[in-house]
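Asker: Per our numbering, the very first residue in the sequence shown carries number 574; after that it's consecutive.
None of these hints come from the bench; they were simulated from the model. Just so you know, even glycine gets a beta-carbon here, dropped at the ideal spot from N, CA and C. Possibly wrong hints are sitting among the right ones.
[What the hints assert, rightly or not] The list that follows gives simulated cross-link-like pairs (lysine-lysine, DSSO-like), each with its CA atoms no further than 27 Å apart:
1) 677 x 876
2) 876 x 926
3) 876 x 757
4) 683 x 632
5) 876 x 661
6) 807 x 757
7) 631 x 677
8) 661 x 926
9) 822 x 807
10) 622 x 635
11) 631 x 661
12) 807 x 677
13) 832 x 807
14) 594 x 631
[As the list claims (entries may be wrong)] The following label-pair restraints were derived from C-beta to C-beta distances:
15) 941 x 642: 51 to 57 Å
16) 677 x 935: 49 to 55 Å
17) 617 x 816: 22 to 28 Å
18) 946 x 765: 19 to 25 Å
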Amino acid sequence: MANSRLETSGEDFWLQVDALKKDLNALNRVEELHKLVNVESREAIIQLKDCTREEALKKLEKVTEELIYTICNGDAPFLSSNNRTSWKNIRFNPCVGLEMVDHKSASYLKFESINSIGKFATTIRILSICQNLLQEDRFATKRDVYYTDTVFFGNQNVVDDIVDNLSCMLEVPRHSLRILASSKGLISGHVRYREYDGTYVDCTCLTRGVAVSSHVDGIYDLYSDAKVVLVVEKEATYHRLLDDGLLEKLNPCIMITGKGYPDVNTRQMVHRLWCTLHVPVMALVDADPHGIEILSVYKYGSKALSFNVHDLTVPTIRWLGVWPSEVDRLSIPEHVRIPLTERDRSKCHALLKRPFMDSHPAWRQEIEHMLTKGYKAEMQALSTIATSFLSDTYIALKIRNGRWI
Numbered sequence: 574m575a576n577s578r579l580e581t582s583g584e585d586f587w588l589q590v591d592a593l594k595k596d597l598n599a600l601n602r603v604e605e606l607h608k609l610v611n612v613e614s615r616e617a618i619i620q621l622k623d624c625t626r627e628e629a630l631k632k633l634e635k636v637t638e639e640l641i642y643t644i645c646n647g648d649a650p651f652l653s654s655n656n657r658t659s660w661k662n663i664r665f666n667p668c669v670g671l672e673m674v675d676h677k678s679a680s681y682l683k684f685e686s687i688n689s690i691g692k693f694a695t696t697i698r699i700l701s702i703c704q705n706l707l708q709e710d711r712f713a714t715k716r717d718v719y720y721t722d723t724v725f726f727g728n729q730n731v732v733d734d735i736v737d738n739l740s741c742m743l744e745v746p747r748h749s750l751r752i753l754a755s756s757k758g759l760i761s762g763h764v765r766y767r768e769y770d771g772t773y774v775d776c777t778c779l780t781r782g783v784a785v786s787s788h789v790d791g792i793y794d795l796y797s798d799a800k801v802v803l804v805v806e807k808e809a810t811y812h813r814l815l816d817d818g819l820l821e822k823l824n825p826c827i828m829i830t831g832k833g834y835p836d837v838n839t840r841q842m843v844h845r846l847w848c849t850l851h852v853p854v855m856a857l858v859d860a861d862p863h864g865i866e867i868l869s870v871y872k873y874g875s876k877a878l879s880f881n882v883h884d885l886t887v888p889t890i891r892w893l894g895v896w897p898s899e900v901d902r903l904s905i906p907e908h909v910r911i912p913l914t915e916r917d918r919s920k921c922h923a924l925l926k927r928p929f930m931d932s933h934p935a936w937r938q939e940i941e942h943m944l945t946k947g948y949k950a951e952m953q954a955l956s957t958i959a960t961s962f963l964s965d966t967y968i969a970l971k972i973r974n975g976r977w978i
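Please model the entire structure based on the sequences and the hints provided.
Answerer: Right, here's the structure in full:
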């Protein structure tokens, strides 16, 4: 790749993206038909269903009634749900991602067990908070829930995990229980919308980006003329691209970052943009095992949130870069090539065993290349070629030439 700024204006630049958009839209129609035909398989899959406030209250009341009934019968109360930590529950569907199969492997919280009584009690406490929120018809963040009693909950991760367990157990989205998550992601570019409370958000006017909505399902009047959505792994790279004027160079486009491993709201926002705008989504991640893991989460989801995969993934996302094979091709200097650790190698081997890897021989080839060479590289390594090489040349050249996998 030559170190020169490429011309990105005009329809000729977007020819490959437009062709990809046409192909993906045709593929999406085929996949929708596939889902409709495959009714038997779909019925065995956990799929969260939005519900009204009254319906959510009834679900909570049913759980309470079952606990009381168990106690009245002289038995120790317990709670059960599909196991979110077992691969036994996971089925790979190329149209959606990593889905949770119902009734494969269960997880139990038993009052009589010393190992789970603490989590059982915490779950009951959060069930009570959800019931109060629903009765008062108001929302709270998971952070708000934690601060209702920091001593009792111990740490934020406990609350986060139990809220997700409840969502899985009741088969409803978290917002139906009136619990939201604070967002860490940022979005910028040619998109505007209204938040669930009516607040108008115009990302074209915000030079540093705006926080991703904490209630993505509540967004409405979403509009954009963007040609592409660019998902950037790291916040530092995101801000560097903004400073280098990438949004003007790739006008019109949308750029979003989850600041590393993406939170639920960022993943949901990328999914929402894809479903609403029907434009190609491309990912820019580090040429390392962690970057490829993040790419796979945006594309196919994660084991822990497989019960909510239908709202979190973009199966058509393309890997724009940085590829491990490009470290040599671009003559990245030795001093910015980072040797793989044993943990990196273990992550690589784990990725190669993922159920979706057989569908991506190019991904497999890149991971194997990294293992063979024994080093990784961050996106910032491209700045050793030229300060603004990433924004002026690399991204534009790859988009113009259709260099994605």
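Asker: Are the hints correct? Go through all of them and say.
Answerer: Taking the hints in turn, this is what the structure says about them:
no.	hint	result
1	677 x 876	holds, 14 Å
2	876 x 926	holds, 14 Å
3	876 x 757	holds, 21 Å
4	683 x 632	holds, 20 Å
5	876 x 661	holds, 10 Å
6	807 x 757	holds, 12 Å
7	631 x 677	holds, 26 Å
8	661 x 926	holds, 14 Å
9	822 x 807	holds, 20 Å
10	622 x 635	holds, 17 Å
11	631 x 661	violated, 30 Å
12	807 x 677	violated, 36 Å
13	832 x 807	holds, 5 Å
14	594 x 631	violated, 43 Å
15	941 x 642: 51 to 57 Å	holds, 55 Å
16	677 x 935: 49 to 55 Å	violated, 31 Å
17	617 x 816: 22 to 28 Å	violated, 49 Å
18	946 x 765: 19 to 25 Å	violated, 44 Å
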